[in-house]
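Chemist: Letter by letter, the chains look like this.
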Amino acid sequence: MIRTEGIKKVFWDKKEGEVVALHPTSLSVNEGEVFGVLGPNGAGKTTLLRMLATILTPTDGSGEVNGYDILSQKEEVKSSIGFLSGNTKLYGRLTPTEILNYFGELYGLGKEEIRVRKEELITLLNMEEFIDKKVEKLSTGQTQKVSIARALLHDPDIYMLDEPTLGLDILTSKSIIEFIRGEAGRGKTIIFSTHYMEEAEVLCDRVALLHKGRILDIDTTEGYYNKCQGNNLRDIFFEYVNKSEGDINES
Amino acid sequence: MNLKKVLTVYKKELIETFRDKKTLILAILVPLLIYPLLGFGASELISIGIARVESQVSRVGSKTLLSDELLDLIKEDERLEFIEADNLFRKLEEGGIDAYLESSLEEGTEEVNIYYDGAIERSNSACSRLWLLLNDYKRLRQEDELTQRGLDTKVLDIVEVKGENIASSERMGGVFLGGIIPLLLIVMIAMGAIYPAIDLIAGEKERGTLETILTVPIKRSELIFGKYLTVTTVAILVGALNLLSMLLVYSLASFQLKEVMGGVDLVLSPGVGILLFLLLIPLVLFVSAIIMSVSLFAKNFKDAQNFLSPVLILLMAPAYIAMMPGVEMNFILSVIPIVNISLLFKEIFIQNFNIEYIFLVFVSNTLYSFLGIYLFARLFKTESILFAEGKGYKFSMNRKDLKGRKFLDIGESLLLTSGILFLFIYLGTLLQLRYELF
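Which chain is which? The protein sequence lines are A and B, in order. Residue 20 in the numbering used here sits at position 20 of the first sequence, with consecutive numbering throughout. Position in the second sequence (first residue = 1) + 1000 = the numbering used here.
Keep in mind that the hints were calculated from the coordinates and are not lab data. The structure presented is a predicted model; accordingly, all values stated were derived computationally and were not measured. Misleading hints may appear alongside valid ones.
Unchecked claim - Chain B is nowhere near these chain A residues, computed Cβ spacing over 10 Å in every case: (1) M1; (2) L27; (3) A53; (4) I55; (5) E64; (6) E75; (7) S85; (8) K89; (9) E112; (10) N126; (11) K174; (12) E178; (13) G187; (14) N242; (15) S244.
As the list claims (entries may be wrong) - Dumping the calculated DSS-like pairs for lysine-lysine here, alpha-carbon to alpha-carbon at most 27 Å: (16) K1004(B) - K74(A); (17) K1299(B) - K74(A); (18) K1004(B) - K1302(B); (19) K89(A) - K1162(B); (20) K243(A) - K212(A).
Just so you know, even glycine gets a beta-carbon here, dropped at the ideal spot from N, CA and C.
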């Protein structure tokens, strides 16, 4: 469903010169899988997801999403995915209804399709009471629900969720985690980035550990427990980081 | 390009823009209120000012003994009050009197000097009154002299000079309108484009909605055109409202001040108004593209305002050139943006325009607007500009930063150009003055 081959991103910084945000990375995510990308801030999670969503163009390497090339078939890729991140905010002066209508039209849905899908999502996410209020008047949790509805309006097969619980309170985070789990149960392919180890542990079939723009390993949570000494994903992550920094220092 | 998507973006951006109070105030309220307030306020003040000056009595002194006839004339004039005092120069400086006369006899000619303070309105008025009075005095003296010599006084009217202004009152009004409207319009159009441009570009970056729209299947070109159409719509609306408001206010003010303005009519025909509006469109397209391109470099609203303030000055400067006396439309000026439209407006107002120049101005401005759109589209597709998260532009001329690079970036080029201009203007002028190189 998702495949990358040596995908790499380099930014130019005036002070530091070339900054490698993501070193050549190869990975594949299977259909119906919940794939976690776990790493601290600045690890390269957002860059990876942005490249997969064709928002950023890779400096090198190639990739496919739902069989579409991320370099030459950007629109097809975008039609196949629902992308949500902490950076994908909503228009404050519009109401959730207006936002959903707008994005529905941009996804090429017909009026009836938009109406049906909108009703489904309003029910699913409990948005009835604030659907006609301006977004700037909504709480963080309500806004996040609208964001999810916005990203999934066209019922994509692949969800790309970049830290979807970042900055949310415990209750809202929990409802979002449950929503993701429910969608995984419906057979959706989900690539999910987080720096909360517990979320990755609860949700993901497989987890990629990302640190300083490099994938340290990709495995199931069980696989990590078998290979490492740590009792949870957090300790396991630190084992990998220590090992990787030791390797870098040696080399 | 999918036109339906462009229109979807356009519709949404318009709704958002018109829900923004700042845009509403600037686009609708300012032109509808500011010109009537300024126009009627100014005409009222002028009327009051003129009435006040007219009703004031001018206090006139004399340093030397004046002839009886002249003194009689001064005393007969109700608008003049003769004051006898010492140290008249000081008194004039201190405002104790408005003017004083000094009379002397030079080889049989009576020379009368009026001393007044040209920086004070009241003193200027006294000077004008004395000037008229002294002309009458001169005439009386000449007639007396001729009569004493037994000559006919008609000899004084042997030559009569008259001036006949062939310009219609509308054209006379056009001189005034052509001097003020182009500059005001350019400023208002730029202001009209600035707020939606900042809101739709830098504002979206700041609010984090730009990335949201980049996740949907829409081409950058469709997004760019949707946004561009919104900014130009608001700017055209602002331009049209300003033009309409200005012309209405001037027409009404012209009617109100008919007596004062004497043969100057500020009323413009609807046909000319429509022509001006059509000529404004390519200008709006060009100005909007420039403003949107600049606001792309900003990371937030505040940044964009800082970046766009000098742009506004740069847009106004060419309009000033057109206001300078003696600057007339020619082929070169007709293809220089802003200067061309300002000059053309001036010529349309005085009804002395050339159809070829209208064509040249329209075509050249349309071409510039295409170039502007192209520039904006190129910049919008540049990741480093679109995702410049909080970095902004750093002006750096350190050797280590420049080492190993073939080109300067925009910030560095701007700094270098500004440095050269600074040296050219200040140091260059000093050197030229010092070594008399003019």
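Chemist: Against each hint, give a clear statement of whether it holds in the structure.
Modeler: Against the structure, the hints:
1. The claim that M1(A) lies off the interface holds: its Cβ sits roughly 18 Å from the closest Cβ of chain B, which is beyond the 10 Å cut-off.
2. Distance check for L27(A) against chain B: the nearest CB is about 20 Å away, which clears 10 Å, and the non-interface claim stands.
3. At roughly 6 Å, the least C-beta separation between A53(A) and chain B is not larger than 10 Å, which violates its mark as non-interface.
4. Some Cβ of chain B comes within 10 Å of the Cβ of I55(A); the nearest lies about 5 Å off, and the non-interface call is violated.
5. For E64(A), the requirement that its beta carbon stay farther than 10 Å from each beta carbon of chain B is met, with the minimum near 17 Å.
6. With 10 Å as the threshold on Cβ separation, the claim that E75(A) sits away from chain B is violated: the shortest Cβ distance comes to roughly 4 Å.
7. The Cβ of S85(A) sits about 7 Å from the closest Cβ of chain B, inside the 10 Å cut-off, so the non-interface label is violated.
8. Against the 10 Å criterion, K89(A) falls within the reach of chain B, whose nearest CB is about 3 Å from its own CB.
9. The non-interface label for E112(A) is consistent with chain B: the shortest C-beta to C-beta separation is roughly 17 Å, beyond 10 Å.
10. For N126(A), the non-interface assignment is confirmed: its Cβ lies about 22 Å from the closest Cβ of chain B, beyond the 10 Å cut-off.
11. Separation of K174(A) from chain B is adequate, the least Cβ-Cβ distance of about 24 Å exceeding the 10 Å criterion.
12. Listed as outside the interface, E178(A) is consistent with that label: its C-beta sits roughly 23 Å from the nearest C-beta of chain B, beyond the 10 Å cut-off.
13. Distance check for G187(A) against chain B: the nearest CB is about 22 Å away, which clears 10 Å, and the non-interface claim stands.
14. At roughly 30 Å from the closest C-beta of chain B, the C-beta of N242(A) stays outside 10 Å, upholding its exclusion from the interface.
15. Residue placement check: S244(A) keeps its beta carbon more than 10 Å from all beta carbons of chain B (closest about 26 Å).
16. Of the pairs offered as hints, the one joining K1004(B) and K74(A) holds, with about 19 Å between alpha carbons and a cut-off of 27 Å not exceeded.
17. With a C-alpha separation of about 26 Å, the suggested pairing of K1299(B) with K74(A) holds against the 27 Å cut-off.
18. For the hint pairing K1004(B) with K1302(B), the CA-to-CA distance comes to about 33 Å; that exceeds 27 Å, so the pair is violated.
19. A C-alpha spacing of about 75 Å is found between K89(A) and K1162(B), which places the hinted pair above 27 Å, so the restraint is violated.
20. Among the hinted pairs, K243(A) with K212(A) is consistent with the structure: their alpha-carbon atoms are about 13 Å apart, no more than 27 Å.
When the structure is compared with the earlier hints, violations turn up for hints 3, 4, 6, 7, 8, 18, 19 and for no others.
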